[in-house]
Amino acid sequence: MLIHKWLTTFGRYLILMGRTFSMPERMRMFRKQYVKEMAQLGVNSIGIVLLISFFIGAVICIQMKMNIQSPWMPRWVTGYTTREIMLLEFSSSIMCLILAGKVGSNIASELGTMRVTQQIDALEIMGINSACYLILPKILGMLTIMPFLVIFSSGMGILGAYGTAYIGHIMPPDDLTAGLQHSFVPWFVWMSIIKSQFFAFIIASVASFFGYTVEGGSVNVGKASTDAVVSSSALILFSDVFLTQLLS
Amino acid sequence: MIEVKNLYKRFDEKEVLKDINTVFEDGKTNLIIGQSGSGKTVLMKNLVGLLDPTSGQVLYDGRDFVAMSKNEKVMMRREMGMIFQSAALFDSLTVLQNVMFPLDMFSSMTLRERKKRAMECLDRVNLVGAEQKYPGEISGGMQKRVAIARAIALNPKYLFCDEPNSGLDPKTSLVIDELLHSITQEFQMTTIINTHDMNSVMGIGENIIFIYEGHKEWQGVSADIMHSTNKRLTDFIFASDLLKDMRSAILSHDNKD
Numbered sequence: 188m189l190i191h192k193w194l195t196t197f198g199r200y201l202i203l204m205g206r207t208f209s210m211p212e213r214m215r216m217f218r219k220q221y222v223k224e225m226a227q228l229g230v231n232s233i234g235i236v237l238l239i240s241f242f243i244g245a246v247i248c249i250q251m252k253m254n255i256q257s258p259w260m261p262r263w264v265t266g267y268t269t270r271e272i273m274l275l276e277f278s279s280s281i282m283c284l285i286l287a288g289k290v291g292s293n294i295a296s297e298l299g300t301m302r303v304t305q306q307i308d309a310l311e312i313m314g315i316n317s318a319c320y321l322i323l324p325k326i327l328g329m330l331t332i333m334p335f336l337v338i339f340s341s342g343m344g345i346l347g348a349y350g351t352a353y354i355g356h357i358m359p360p361d362d363l364t365a366g367l368q369h370s371f372v373p374w375f376v377w378m379s380i381i382k383s384q385f386f387a388f389i390i391a392s393v394a395s396f397f398g399y400t401v402e403g404g405s406v407n408v409g410k411a412s413t414d415a416v417v418s419s420s421a422l423i424l425f426s427d428v429f430l431t432q433l434l435s
Numbered sequence: 011m012i013e014v015k016n017l018y019k020r021f022d023e024k025e026v027l028k029d030i031n032t033v034f035e036d037g038k039t040n041l042i043i044g045q046s047g048s049g050k051t052v053l054m055k056n057l058v059g060l061l062d063p064t065s066g067q068v069l070y071d072g073r074d075f076v077a078m079s080k081n082e083k084v085m086m087r088r089e090m091g092m093i094f095q096s097a098a099l100f101d102s103l104t105v106l107q108n109v110m111f112p113l114d115m116f117s118s119m120t121l122r123e124r125k126k127r128a129m130e131c132l133d134r135v136n137l138v139g140a141e142q143k144y145p146g147e148i149s150g151g152m153q154k155r156v157a158i159a160r161a162i163a164l165n166p167k168y169l170f171c172d173e174p175n176s177g178l179d180p181k182t183s184l185v186i187d188e189l190l191h192s193i194t195q196e197f198q199m200t201t202i203i204n205t206h207d208m209n210s211v212m213g214i215g216e217n218i219i220f221i222y223e224g225h226k227e228w229q230g231v232s233a234d235i236m237h238s239t240n241k242r243l244t245d246f247i248f249a250s251d252l253l254k255d256m257r258s259a260i261l262s263h264d265n266k267d
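Residue numbers (this note's numbering), protein chains in the order written: chain L, 188 to 435; chain E, 11 to 267.
In case anyone wonders, no lab produced these hints; they're calculated from the structure.
A hint or two may mislead.
[Said to hold, decoys possible] Here are the simulated DSS-like cross-link-like pairs (lysine-lysine), alpha carbons at most 25 angstroms apart as the crow flies: (1) E:K24 x L:K192; (2) L:K219 x E:K125; (3) E:K143 x L:K223; (4) E:K167 x E:K126; (5) E:K126 x L:K219; (6) L:K223 x E:K254.
[To be verified] Example chain L residues on the side facing chain E (calculated, C-beta under 8 angstroms, incomplete): (7) M216; (8) Q305; (9) Q306; (10) D308; (11) A309; (12) E311; (13) I312; (14) M313; (15) G314; (16) D427.
Small disclaimer: the values here were computed from a predicted structure and weren't measured.
All C-beta atoms, glycine included, are put in the ideal place defined by N, C-alpha and C.
Bound conformation, chain L alone (with noise of 0.2 angstroms):
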C-alpha cells in the first residue's frame, strides 16, 4: 500500500515536472520570474549560508585541532581535513540540508497559498501554464545561484578556520595554510558544485511539487511545507550516497 502511494507521488511529480519543463508563453516574464527567483531563493539565502559556514569551518578547525593532532601528525592536517570537509560535504551537502529548510519551505508555502487561495486556478484560467509560469524559474533560479553559494560557503568556512587561528590562536596560522594548499585536488571543487546542482533540483522540485498540489486549507499548507523540507532533505542524503560514490 505504501509503496502504491510512492509510485502514485513519483508519478504525480513526474507529470508536474513535465507541464514546468515547457516552452514560457512570454520569454520577458520569464525573465522576470526568472531574476526574482533568483534573488528572493538565492540572493536572500547567502547571509545564512556565510553566517553557518563561517561558525561551521572554525568549530571544525578547533575539533581537528583538539582531537585529531598529535605529535605524530605533521602540523598541517587540522588545515587540511578541515578543507576536504567543507569542499566535499558541508558546502554542498550539509549546505543543501539547510537550504532545504529554508528554501524549501518558503516555495511550498509559497505555493501553497497561491493554491487556496484560487491564484494558481486564476492563471490556468487566463490560459496560463501554471506549473511552467510559477516553477520553471524557481528551479533555474535556484540552479544557477547555488554554484555560488556553494563557492561562498567554502570560502566562508576557510575564513572561520582563520579566525580560529588568528583570534582564537588555536594553531599557527602558517600552519593552516599549509593544510589548506596541501594535495589539493581541483575536481573535488567542481565535485561540490555538481553535487549541488542536483541538490539544488530536488530541494526547487519537490518543494514546488509539495506547494502546488495542496488541497484544502491553511493546515495544508503547513503540512506540505513539512512533507517538502522532509522529503527533500532524505532525497538529498540519499542522492549524496550515490553521487558520492559516481563522482569519486
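Got chain L sorted already, so can you dock chain E onto it with the hints?
Okay, now just chain E, sitting in the frame of chain L:
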C-alpha cells in the same frame, strides 16, 4: 452564447451534476443560484474547464469546449475572464500590476499602452488612486473591483463570477452588482454569476438558473420569481420569515388589483 447540453459530473460514487441543459445568452447577466453544496461551483468549474464533465457538452458559440484539444482550450481561455470568490489577486503584485498582468502575458502592446489600458480598467471600476497599493492593503470590496478590472483588461467575451458578493456588506454588494451588470451590457459579454445573494437575484438577474441537488430545478427571470409556484425555489429565495411575509403581502396586494 454558452450552451450546456446533458452535462453530468460525478466524483467517485457521488453524482454532483445531473443532466444540466441550459443556455447563457450574450449581453445578459446570467445567474446560477442554489443552496450551498447544490453544485453551482462545480457547474461553473465545468464551464471554464477547471473540471472535466463526466459527460455532456459545453458549447461556446457552437464550439464544444469539452472536446477541444489542450492548445485550443488555452486559446479559448484567453476569451474568458473570471472573478473568484476570494478575488484571487496576486498578492506579490500591486493593484496596477495585477490589472496589467493579462496584458503583459498576452498583448503585444508597449509598456505605455499596457499601463494606459490598465488605468482605463481601474477607472472603469472607480479605483484610480489605488494603483500602487498591494492587495493586502485594500478592502474586500476594492479587491473585488480590482479582480473585475483584471478580468476585463483583455476585453473577454465571457465573464465568470464565483460568488462576487461573498464577504461584502450589502451596500458594497450592490456596487459590485451594478458594475458587473453595466460592464456586461457595455461590452456585450456573456456573464455568468454564481450567487447566494438575493439582492443580486432580484436586482440584476436577467436569466436565472436554480440548481437543486445537482439538477436544474427552475429557469427564468427575476420578475417571475415572485409568482413562481415552485416550492423549492420559493423556499430558497424567501428563506427568512421577513421575506416570506413580504412576499405574502406583495402577492395579496397583486391579487386585490
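Outcome of the hint check:
1. E:K24 x L:K192: Holds: E:K24 and L:K192 sit about 24 angstroms apart, inside 25 angstroms.
2. L:K219 x E:K125: 17 angstroms, holds
3. E:K143 x L:K223: Since the Cα atoms of E:K143 and L:K223 sit roughly 20 angstroms apart, the hinted pair holds (cutoff 25 angstroms).
4. E:K167 x E:K126: 21 angstroms, holds
5. E:K126 x L:K219: 21 angstroms, holds
6. L:K223 x E:K254: It is violated: about 56 angstroms lies between the C-alpha atoms, which goes past 25 angstroms.
7. M216: 6 angstroms, holds
8. Q305: Holds, because the Cβ-Cβ distance from L:Q305 to chain E comes to roughly 4 angstroms (cut-off 8 angstroms).
9. Q306: At about 5 angstroms, which falls below the 8 angstroms cut-off, the nearest Cβ of chain E leaves the hint on L:Q306 intact, so it holds.
10. D308: Holds - the Cβ of L:D308 comes within 8 angstroms of chain E, reaching about 6 angstroms at its closest.
11. A309: 4 angstroms, holds
12. E311: Holds: closest Cβ of chain E sits about 7 angstroms from L:E311, inside 8 angstroms.
13. I312: It holds, given that the least Cβ distance between L:I312 and chain E is near 4 angstroms, below 8 angstroms.
14. M313: For L:M313, the interface hint holds, since the closest Cβ of chain E sits about 6 angstroms away, which is under 8 angstroms.
15. G314: Holds. Min distance 4 angstroms.
16. D427: Result: violated, 33 angstroms to nearest chain E Cβ.
Consistency note: the structure conflicts with the earlier hints numbered 6, 16.
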